[in-house]
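Trainee: I would like the entire structure built from these sequences, with the hints used as guidance.
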Amino acid sequence: MFNLEQEIDKWCRSAKGKGCGQTDRIEELQDHLYCEIARLQKVGGLDEEGAFLKATRKLGDADELGAEYAKNNTVLSKLCAIEQAHVEAPSNGCASTKKASAIIIIHSLFFAAAMLITPLLIENKDGAGMIVITVLIPLWIATAAFLPGWRRTAQCERRFLKRIFGGAR
Amino acid sequence: MAFSKDFVAASATPLILSILSHGDSYGYALIQRVRELSGGDMQWSDGMLYPILHRLEKRGLIESYWGRAETGRRRKNYRLQATGLAELNDQRQSWNTLHNMLQRLNGGTAYV
Numbered sequence: 000m001f002n003l004e005q006e007i008d009k010w011c012r013s014a015k016g017k018g019c020g021q022t023d024r025i026e027e028l029q030d031h032l033y034c035e036i037a038r039l040q041k042v043g044g045l046d047e048e049g050a051f052l053k054a055t056r057k058l059g060d061a062d063e064l065g066a067e068y069a070k071n072n073t074v075l076s077k078l079c080a081i082e083q084a085h086v087e088a089p090s091n092g093c094a095s096t097k098k099a100s101a102i103i104i105i106h107s108l109f110f111a112a113a114m115l116i117t118p119l120l121i122e123n124k125d126g127a128g129m130i131v132i133t134v135l136i137p138l139w140i141a142t143a144a145f146l147p148g149w150r151r152t153a154q155c156e157r158r159f160l161k162r163i164f165g166g167a168r
Numbered sequence: 000m001a002f003s004k005d006f007v008a009a010s011a012t013p014l015i016l017s018i019l020s021h022g023d024s025y026g027y028a029l030i031q032r033v034r035e036l037s038g039g040d041m042q043w044s045d046g047m048l049y050p051i052l053h054r055l056e057k058r059g060l061i062e063s064y065w066g067r068a069e070t071g072r073r074r075k076n077y078r079l080q081a082t083g084l085a086e087l088n089d090q091r092q093s094w095n096t097l098h099n100m101l102q103r104l105n106g107g108t109a110y111v
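Heads up: the sequence lines are chains A and B, in that order.
Using numbering that gives the first Met the number 0, the letters of the first sequence correspond one by one to residues 0 to 168.
Using numbering that gives the first Met the number 0, the letters of the second sequence correspond one by one to residues 0 to 111.
These are calculated hints, taken from the structure and not from any lab test.
Owing to the predicted nature of the structure, the values given are computational and were not obtained by experimental measurement.
Do not take every clue at face value.
Said to hold, decoys possible - Computed spacing ranges between beta-carbons, pair by pair:
(1) A:Ile140 to B:Arg32: 50 to 58 Å
(2) B:Glu69 to A:Asn2: 49 to 57 Å
(3) B:Ser17 to A:Lys41: 25 to 33 Å
(4) A:Ala153 to B:Ser3: 55 to 63 Å
(5) B:Arg58 to A:Ile104: 32 to 40 Å
In this text, a Cβ means the ideal position worked out from N, Cα and C, and glycines have one as well.
Mentor: Structure below.
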């Protein structure tokens, strides 16, 4: 049985994860969908399901819509959008749990601290630089690959960077 | 008549500002108004209007506020700002100049 409200909610959740992020934007698109569905039912004689499908198709692809919104973003808001994507993306297959995010942040902070402290502990500056380049950075990248959620986080970031910066041509 | 994508994009701002100069409105109503004014010839891709509205708001040409639809649903309305009216006058001037140039080239009477 087709449930219009559920389907619109589902569409909105999906759009939210695709760069149309902010709640007021989604609410505006939701209002548009309800208006268009009502018109298609009244004028076109379509049933709820047919009207919903046509209205969402007319509204356009959520990815393209997200890229259009991204053109309005400043560099700072683009960076915030990437972070926001981690929080809002579970419905989009970019599930990044709080625990996994915390582990990734702690891991990064640990290696950043190690890289900063190394030159302070080793008197030979060239030697410290070599340790950072040949030991700490490869170790950081290698161990990062074993962290829970790392792969999904990287994929999610890559997808959002592509959409945000790719859409800002 | 089919309008090119570039033409639709270029004419979006003056059309939105012009419609709003007659009174506050919201996204869906703006799309319907353009369809009605063009006799159905100019079809905006529904979703593309909203990022444009947000861009105009960011430029301070229009401002938004939340209201309620007859159904009780929350609805975002847009209002023209003084800077938007000035921009509209500039754009009208540009489009009129272009129109006159084309008319002259076609040997017709220029619109004043």
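Trainee: Confirm or reject each hint.
Mentor: Verification of the hints:
no.	hint	verdict
1	A:Ile140 to B:Arg32: 50 to 58 Å	holds, 55 Å
2	B:Glu69 to A:Asn2: 49 to 57 Å	violated, 23 Å
3	B:Ser17 to A:Lys41: 25 to 33 Å	holds, 28 Å
4	A:Ala153 to B:Ser3: 55 to 63 Å	violated, 40 Å
5	B:Arg58 to A:Ile104: 32 to 40 Å	holds, 36 Å
Checked against the numbered hints listed earlier, the structure breaks hints 2 and 4; every other hint is satisfied.
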